[in-house]
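Chemist: Here is how the chains run, residue by residue.
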Amino acid sequence: MNMNSADASLLRETPPFDVLNDLDFAFALENMAAMYLSTESREEIIRSGSVLLYLVRSGTYDLVSQDNRRLERLEQGDLFGFPSLLSGRAVTNRIDVVADGIVWTWTADVFHKLRQRSPAFERYFLDAHSRRLLREHYVTHPALPTEGGLAEHATDWTIKPISDVLQRSAVCIQAAATVREAAELMSQQQVSSLLVLKNKTLLGIVTDRDMRERVVAQGLHYATAVADIMTQMPHVIDCKESLFDALTLMGQWNIHHLPVVDENDQPVGVITVNDLMQQQRSEPVVLLRALFKASDLDVLITEAAQIPEYLQSFLRSLVGRVRDITILGRLISSLTDAITRKLIAFYEQAHGAAPVSYAWLAFESQARQDQTPDSEQANGLLLANGITSSERQWFAGLAEYVCEGLAACGIPFSSHQLMAVNPQWRMTPLEWRNHYQQWLRVNNGETLLLSMYAADSRFIAGNKYLYRQHRQELVRHAQNPHYLSAIARYINTLTVPIGLFYRIRSSADKHGDYLDIKKHGIAILNQLIRLYSLAEGLTVAPIPERLSSLQQSELLTPEEIENLHEAWYFLTDLRLQSQFSQRTVDMPTHTIDPTRLTTMQRRQLKAAFRVIKEAKQGVLYKFGRVL
Amino acid sequence: MWQGVQQTLRAWQQQRRAAKQSWRSVTWFAIDCETDGLDTAKNALLSLAWVPIEPPFVRLGASQYAVVQHQQPLSQSAVVHQLTSAELQQGEPLAQLLQRFAKATQGAYIVAHYAEFDRAILTKAMRQAGVSWQSRGWYDTLAVEKKQAAEKTPRQQHSFSLSASRARYGLLPMAEHHARNDAIGCGELFLAQVYRRQRRRKLAGSELTLGQVLRRGR
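Going down the list, the sequences are from chains A and B.
Going by the working numbering, the first sequence opens with residue 1, and the numbers climb by one from there.
Going by the working numbering, the second sequence opens with residue 628, and the numbers climb by one from there.
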């Protein structure tokens, strides 16, 4: 082998040279040259007309389009030159030299021979050319959730959608039926509960235990109407939610039967605690049980203190078992939900039931269920219209108790005051509407952000119907072209980096060696996907579900959705990995150290940034111009 | 005698013509000799590497490296170059290696870091092995670094080692004290020096001549 061994082993680890067999790799090595790439030598190559494959060793170069757009910053480990090699067409993009350096090169002849010899080698370049580096065979990420339910690939039972494990369809009885008829139906169908309907609407649930305690023990007549002994307005769960979510609800309300409904609130079945127990034990369950069992605030705080360690061990247990690390985001959000509900219950125990109906809302990452260990609180309260000022006191107390409690459990206060303790986030539907319309009118950066927070929520506790009405209303208001245009223009003021190392550092950014992938990536993606969701009137919050719903949208091509999903998944995964791996003390949250990424990860990170950059331009084009 | 003068004159004219052509139109080789000491009179050649340069390319795949056969144990320097006595025993006979080198680099211009040293070692070894070899000319990357430092104000304490010199051009550090690495590293440094010089002299569009490059590298 005619090469020094350090360079040879470096090339051996660089995709796609890592897929070549020894013979083909030796061929690649024998035909490799180191080129000094400067503005002058670039001219010499252009004049000579030779077309080459380049791999950057040192220096910095910009890939610039014919119309002078800087497409990509090429840094150590990046490949370029292959598009014209593949297409055989003349080179259209040009290379601007930012800093001279060495690039390794291969002639077209050698490139084509390697392509012929190794299909895997060729496939890499074809994929890179058609911007598919974030696709399945490079990153193990799950496909988009399909219509049928969430995460087909989920191997961990806790995130399986409930619809996957429902044993049978709902066994229902009409409200006018007698308890005898109910008992007969139960034994005939061998079920331990019945859903009580009026026509098709769910009114209540009746269980074995109700029969025992409310009928037999009370000596009621068997002709009593089932409606008289049922539990009215039971807690329900959506069939797309996970087993984990079902478990949190059961634990929260201490119930063993949970009616499952579809998106139209039609009952589709019942999930029981036995159904859940039949699934294997897993760490999240142990953790959740401990949280549920907490008898007071002190115990809850003590249990919550274990969460970070639990998450670490859960993450370790996921390695090699689950392809989708984003379930960690769902898990953290479920834990936050559980703690919130527990805190609300404690407050109600101490101060009596709520004076009017209300809904506790989650915003931002808790709403989207992509929380990280560093995520701040984001919550608010929706209070029934007509609430009196003395009744408001009860909720002010609740907000203070819950927010303080969450902070004590390790979920830091919101640095944007996006919390129920702030009266601005504690309003009736009427007040919400007025504020919202005001925000839409003013339309500057700050009010836009407020309105976007408000539009992006998830129900946590209280009255679900109150929440739903409110949510539908906000969605209707948001489908205003001027508002959507303002968001699109706002998004286009956010910067997406084109390179990972040699970037322009803002004066405020003293951590210039790290890359904030939340600020420059995930947050912008969230905004983009939120914009499309608002335009389409979607009320689901988690990103994968949003993208899956957007497949019906005419605003996005299937490929655009796929690209957004891949970019989102890649960045979310990278952030979680970085948050759980060894970090230096001064490293700010949500940042990564580009020097610690593999060559492939760097190329993928750039591919993800490029997706975001293009999507940014896309929304400006689609929504930006409104007369 | 008249014939001899004519020959010399013709060679001189040829050289002058050559000096005016582009530095890129001739063949260059970056070389590195590893020895068991820094005394050119006493110490022996342990290994030799050479790599062709066709600006702006260093032809990595065509680089050559060989260890010289030695039977007796050598001084400490062999350890620096990480050569074991087994490797040295299995090395290539000196004459064969030098013939191979001479054939490959015949009529080429030679680039080395501290060229004076490599030149002295090679000349001695060639004489010893009875191989005749004449390079067209030499370019010393270290001499260029020294000139560069001298031209700069204020003067800075510079290290002129290959790795320190490379670092000044933003070239990556490499594993040193292996003849092949050093030859390649020196080749890259040569390209960086000449292309930077070309830019500084605002010769965009027109290239440095061979004569200009060689004068700089003396």
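Do not take every clue at face value.
Beta-carbon label-pair distances, calculated as ranges [stated by the list, open to error]:
1) Ser84(A) x Ala794(B): 28 to 36 Å
2) Ile46(A) x Ala731(B): 43 to 51 Å
3) Ala523(A) x Ala794(B): 54 to 62 Å
4) Gln116(A) x Glu719(B): 48 to 56 Å
5) Ser84(A) x Trp639(B): 43 to 51 Å
6) Thr493(A) x Ala794(B): 44 to 52 Å
7) Asp109(A) x Ala777(B): 53 to 61 Å
8) Arg89(A) x Gln630(B): 58 to 66 Å
9) Ser788(B) x Ser130(A): 40 to 48 Å
Bear in mind the hints are in silico, worked out from the structure with no lab data behind them.
Keep in mind that this is a model prediction, so the values were computed, not measured.
Glycine included, every Cβ here is placed at the ideal spot set by N, Cα and C.
Chemist: Each hint should be assessed against the structure and marked as holding or not.
Modeler: Hints, verified against the model:
1. The beta-carbon spacing between Ser84(A) and Ala794(B), approximately 34 Å, falls within the hinted interval of 28 to 36 Å.
2. As the Cβ distance of Ile46(A) to Ala731(B) is approximately 30 Å, the hint placing it in 43 to 51 Å is violated.
3. The hint said 54 to 62 Å for the Cβ distance between Ala523(A) and Ala794(B), and at roughly 38 Å that hint is violated.
4. Taken as a hint, the range 48 to 56 Å is violated for the pair Gln116(A) and Glu719(B), whose Cβ atoms sit roughly 36 Å apart.
5. In this structure the hint that Ser84(A) and Trp639(B) lie 43 to 51 Å apart at CB holds, the actual value being about 46 Å.
6. Hint check: Thr493(A) to Ala794(B), Cβ distance near 39 Å, so the stated range 44 to 52 Å is violated.
7. Against the hinted window of 53 to 61 Å, the Cβ-Cβ separation of Asp109(A) and Ala777(B) comes to about 45 Å, which falls outside the hint.
8. Remark: the range hint 58 to 66 Å for Arg89(A) to Gln630(B) is upheld by a beta-carbon distance near 59 Å.
9. Ser788(B) and Ser130(A) have their C-beta atoms about 46 Å apart, which keeps the hinted 40 to 48 Å range intact.
Consistency note: the structure conflicts with the earlier hints numbered 2, 3, 4, 6 and 7.
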